[in-house]
Structure formats: C-alpha cells, structure tokens
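Residues per chain, in single letters:
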Amino acid sequence: MKRAGFYLLLALVALYCLGPFLWQLITSLKPAAELTHLPPLLPAPPTGTHYVAIFEGYPFLRIIANSAIVAAASTLLALAVGSLAAFALAQLRMRGTMVLLTFALGISMFPPIATVSPLYLLIRAAHMRDTLWALIMTYTTFALPLAIWVLTSFFRGIPREIYLAARVDGCTALQAFYKVILPLAAPGLAATGILVFIFAWNEFLYALTFTATTASRTIPVGIALFPGLHEVPWGEIAAASVVVTIPVVVLAFAFQRRIVEGLTAGAVKG
Amino acid sequence: MGRLVSIPSTWELLVRDSRPALFVLPAGLIIGAITVYPILYVLWLSLHERLLIGNVSRFIGLENFARLWNDARFWNALGNTLYFTSVSVALEVVLGLAIAMLLHRAFKGKGFMRAIVLIPWAIPTVVAAKMWEWMYNGDFGVFNYLLGAHINWLGSAAWALNAAIFLDVWKTTPFVALLLMAGLHTIPKELYQAAKVDGASPWVTFLRVTLPLLRPLLLVVLIFRTIDAFRVFDTIYVLTGGGPGNTTETLSIYAYKVLFQTLQFGYGSTLAVTVFFLVGLITLVYVRALRAGTT
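Chains as they are written, first to last, in this note's numbering: chain W, 1 to 270; chain Z, 1 to 295.
So here's chain W without its partners, still in its complex pose:
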C-alpha cells in the first residue's frame, strides 16, 4: 500500500516534468483544423504536415545547423581553454587559486543584460554582426567560468602523485597534462562539455541581439520569432519545438549521471 503510494507520487512527478513536452508532441501531430478544437485531446488521425512545413517553408535546417556549429565550437573551445586553467588551479599549487575561482564565479553571476549593450557595440564595430563567430566568442567566454569551476573540482579528484610521477618520468608540465591527466579526467570533461553545450544550445538574449538573418540565427531565436502570416502557426511551432528538444532529451537520458555530477560538482563540494 505504502509502495503503491510512492509509485503514484513518482508518476505524478514524471507527469509534471514531461506533461508540457508531451502536449507539444500531441499538438505537433494534430491536423491544422483540430488545433482550434478541444476535445478531442488526441490527434485523429496524426499528421506529419507540420514537420514537413518547418523544413520546406522555413529555413529550419539552416537554423539547426547554426545552433549545432555554435554549440559544438563553443564547447570545444571552452573545454580546451578551461581545462588548461583548471589543471593549473587544481594540480599545480598555484598561488591565488581561491581568488581566481571566486573571480570566475563572480563573472558567471553577471547578468547577461548588463554586458549585451557594450558587446553589441563592439561586435558592430568589428563588423561581426550576424556572424556565427560573434556567438561562438561570446558563449565560449561566458561558459568559461562555469567550465573552469566544474573542471577544477574534477581535477582535484585526481591524486597529485600521478602528475608528479609523470614529471619524474620526464614529461613537461604540458605533456603531463595532456598525456596523463586529461585522459583521467575524461568523465569530468564529458560532464562539463554537456553543460556548456546545453548552455550554448539554449542561450537567447545574446543570440537575439547579435543575429539579424537566418545566416546566423540559432534555434531559440528562430522559434521565438517564428513567422506567422495571419495567425500564430501553433502546429509548426510545436513541431519545431519537438525537433529541437529531442537532442536535449537524448543527452539527458544518455548522460544523466554525468550531468548531475557536473551540476553538483561546484555547489555541493564547496
């Protein structure tokens, strides 16, 4: 009896978390005429027209490609630069480590709205408006504090003796870093990479401000500014939402343990 109650509560939590997404999925499969009727709740019969429409009538593929390029590039850059810094902070007994980490945390607390106006002027002056580079640069930078913070906590978990042994065996510090320490930190890199990727995949304010056309628009902007002729095309918006949510859902299921590790690395341990 108590067990049944527990599973009922679990089911409620699951419904709470998935409900809006499932409703969007249902909406995306409804024929246009059924969108303005409730009931029926379920589409009868389900249709794929909205999915066809977003790829044929709207440059959605280009927008997805933009997001994929921006998110992947920002993730790789943030990991490359961030892991170097985190390695130094965690393993090299650097002076001022705490100051630097606190500084990084302070930067990550900075409200995006406060940096969007100067960055806009800078990007405009550099003729980088409406380019993917403007977004890659911005995302890499604003993901760096998070990346450094999380990676440092992972690197701290690797015994220093391993690094010292590599040095005794003749590695330079840099060699010890990428030949020995980095492979050991692979789980941490994965966790951090996923967090940065999701951040870049989802970011809206900078993307809204720095992009102007589909040449550089990313998914959040494409969906927020979804064009409608006379009325809001809810079926197509739903289809687009489902398409862009699927990668995130796959990531969540495949890497839930890593993601939670990454999220909690900074907060719980200190």
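Check before you lean on any hint, since a few could be wrong.
As the list claims (entries may be wrong) - Dumping the calculated DSS-like pairs for lysine-lysine here, alpha-carbon to alpha-carbon at most 30 angstroms:
| hint | chain 1 | residue 1 | chain 2 | residue 2 |
| --- | --- | --- | --- | --- |
| 1 | Z | Lys-110 | Z | Lys-196 |
| 2 | Z | Lys-108 | Z | Lys-196 |
| 3 | Z | Lys-189 | Z | Lys-110 |
| 4 | W | Lys-2 | Z | Lys-108 |
| 5 | W | Lys-2 | Z | Lys-257 |
| 6 | W | Lys-179 | Z | Lys-110 |
| 7 | Z | Lys-189 | W | Lys-2 |
| 8 | Z | Lys-196 | Z | Lys-257 |
As the list claims (entries may be wrong) - Stretch by stretch, here's where chain W covers chain Z in the computed footprint (C-beta under 8 angstroms, at least three residues):
| hint | stretch |
| --- | --- |
| 9 | 67-79 |
| 10 | 120-127 |
| 11 | 203-213 |
| 12 | 225-238 |
Said to hold, decoys possible - In silico negatives: residues of chain Z with every beta carbon more than 10 angstroms from chain W:
| hint | residue |
| --- | --- |
| 13 | Val-87 |
| 14 | Asp-139 |
| 15 | Gly-243 |
| 16 | Gly-245 |
Note that these hints are calculated values from the structure, not bench results.
Don't be surprised by glycine CBs; every beta carbon is placed ideally from N, CA and C.
We have chain W already, so just place chain Z on it with the hints.
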C-alpha cells in the same frame, strides 16, 4: 653546523618550474577581453547620453541615475522583478526539496527518473515558453480545458505575471531538486538511525536532522536561483513581451527595450548596470548568511 641555504627538494623544483600562470593565461585573456572590458564599458556607457539614432554621445555624469529615480516604469519593473523572484524561488525550493526527498530513496529505475527530472531543465527556455504559451491559450489551451475555466492567463494583469512564475517553477524546480538530492546523499545514514532509535517522528527528523544539515547547500541553491530569477528575460520576452500594460515587465525586459527598441544605449546601460548592482547586493546578503551559518 647549521645549513645556511636550504636545498630545495625535487618536489619543490617540480612545482617551481611548471609555471602554472601560463596555463591560466588563455582563459584569463579571453575572460578579460570579453567580460571585464565590456563590464567597464557598460559602466562608462551608463554615464553617457548615447543614442544610436543620430549618433549622440555625451558625458552626463550621474544624470541617468537621477532619471532612474523618477522613472515610474523603472519602479514598476523593479516591483515585478522582486515579486517574480521571491515567489518563484520560494516555490522552487519547497517543491524541489519535496521532489528531492521523494527521489532520494533507493528504488528501481532511479536513473531513468533522474533523466526525466532533467528534461524541463534541459529544454531551451524559449521552447518551454512557447509550449506554455500554447497551453495558456485562452480559447484552445489545455489548461482552461482541464480546469473547465475561461481564464485569460496571459492577457490579464491579474494572471500574467503568475503565469510566468508557474512556467519558471516548472522549468527550474528540477535543477533545485537534483542539487538537493546530491546534498541529501552527503548526510550520514547513522544520524537517521539514531533519530529512529530515539523515537523521533519523520517530521521531527526532517526538522532536526535533514534541514540543519542541508542548510549550507540550501543557501547555495537560493543564491543560484535568486540571481538567475532576478535577471529573468527569455521566459517573459516570449510569453508576454512584458505586457499586458507593462504588468510583467521585469528589469531585464525594460532594459532590453530601452536598449534595442529605442536605441538609448546610455540610459539602457544605466538600467542594465542597476540590475548588476542589485544582483551583487543580493549575493552579498546571501554570502553573509552563508558565512554566519558556517562559523
């Protein structure tokens, strides 16, 4: 005879020649160029009258801040932001803690459940807002259908800001729950056994064991969530755009409109800087509370 010069051990030599600063340099340069410089620049802009139309640029000292003081729309946005932040964070922490305690138990399919809980957090905020905008639809929305009501969720001053709060709570409670779950994990099981032996009720155990031990983490979660909620932008921009009649206009939304709709980069920067100072102030208050709790 005592040694005059201490001979460095191999260990010390290793540390010395590794030049850790070089490893930090790339990150430092990037952060310096793309965050520190803009931060200084925005402070500078906030002291100017800077209009992109007509290319006006004039130093006016603190005049923008004086204008802020008499700007009713600013105070309205501040009030909305404070309401949004306090209500949503309070709901998120209570609900998040409840979910964390539920999922903390050992059960089959825990990993699966954890992935499900991650989904609202992982969905792009813009997409989530579009989903909810559709569910809130007055005529064909599923909420009104399920409730058998005709509530004008997004078009009425009474509901719109609350509607945004419900969405924010849905989206971020999972983050809170997952962090608190990790915290629950660090509480030694012996304490619960001891409480049981002493005959403490579950409620007393929660108040006397769980809550005090979770306190530092709860404060960290509160800091993260408060700062994040205070700068809310995406949710509101998509859901209501600040309407109806500015009743959901938060500070970030107002600053954005001044910046990019009226192109007043001076006054807009002043608003943005104010958001920054307020976030800083909130952080300071929390950090003090955190310090007071740990010493």
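The hints, checked one at a time:
Straight-line distance between C-alpha atoms of Z/Lys-110 and Z/Lys-196 comes to about 25 angstroms, which keeps the hinted pair within the 30 angstroms bound. Proposed proximity of Z/Lys-108 and Z/Lys-196 is supported: the alpha carbons are some 25 angstroms apart, at most 30 angstroms. At most 30 angstroms may separate the alpha-carbon atoms for a hinted pair to count; Z/Lys-189 and Z/Lys-110 meet this at roughly 19 angstroms. Among the hinted pairs, W/Lys-2 with Z/Lys-108 is consistent with the structure: their alpha-carbon atoms are about 16 angstroms apart, no more than 30 angstroms.
Our distance criterion of 30 angstroms between C-alpha atoms is broken by W/Lys-2 and Z/Lys-257, whose separation comes to about 53 angstroms. A hinted pair counts as satisfied when its Cα atoms are at most 30 angstroms apart, and W/Lys-179 with Z/Lys-110 does not qualify at roughly 36 angstroms. A distance of roughly 22 angstroms separates the Cα atoms of Z/Lys-189 and W/Lys-2; the hinted pair therefore holds under the 30 angstroms criterion. For the suggested pair Z/Lys-196 and Z/Lys-257, the alpha carbons sit about 57 angstroms apart, so the restraint of at most 30 angstroms is broken.
Three residues within the 8 angstroms Cβ limit are the bar, and the stretch 67-79 of chain Z against chain W gives 0, so the coverage statement is violated. Beta-carbon proximity to chain W at under 8 angstroms applies to 7 residues in the stretch 120-127 of chain Z; the threshold of 3 is reached and the given coverage holds. Given as covered by chain W, the stretch 203-213 of chain Z fails the check, having 0 residues with a CB less than 8 angstroms from a CB of that chain where 3 are the minimum. Look at the stretch 225-238 of chain Z against chain W: 7 of its residues bring a Cβ nearer than 8 angstroms to a Cβ of that chain, three or more, so the hint holds.
The beta carbon of Z/Val-87 sits about 18 angstroms from the closest Cβ of chain W, which is more than 10 angstroms, so the claim that it is off the interface holds. With 10 angstroms as the threshold on Cβ separation, the claim that Z/Asp-139 sits away from chain W is violated: the shortest Cβ distance comes to roughly 7 angstroms. Even its closest Cβ contact with chain W, about 15 angstroms, leaves Z/Gly-243 beyond 10 angstroms, as expected for a residue assigned away from the interface. Once the 10 angstroms rule is applied to beta carbons, Z/Gly-245 is consistent with being away from chain W; the minimum gap is 21 angstroms.
When each numbered hint is compared with the structure, violations occur for hints 5, 6, 8, 9, 11, 14.
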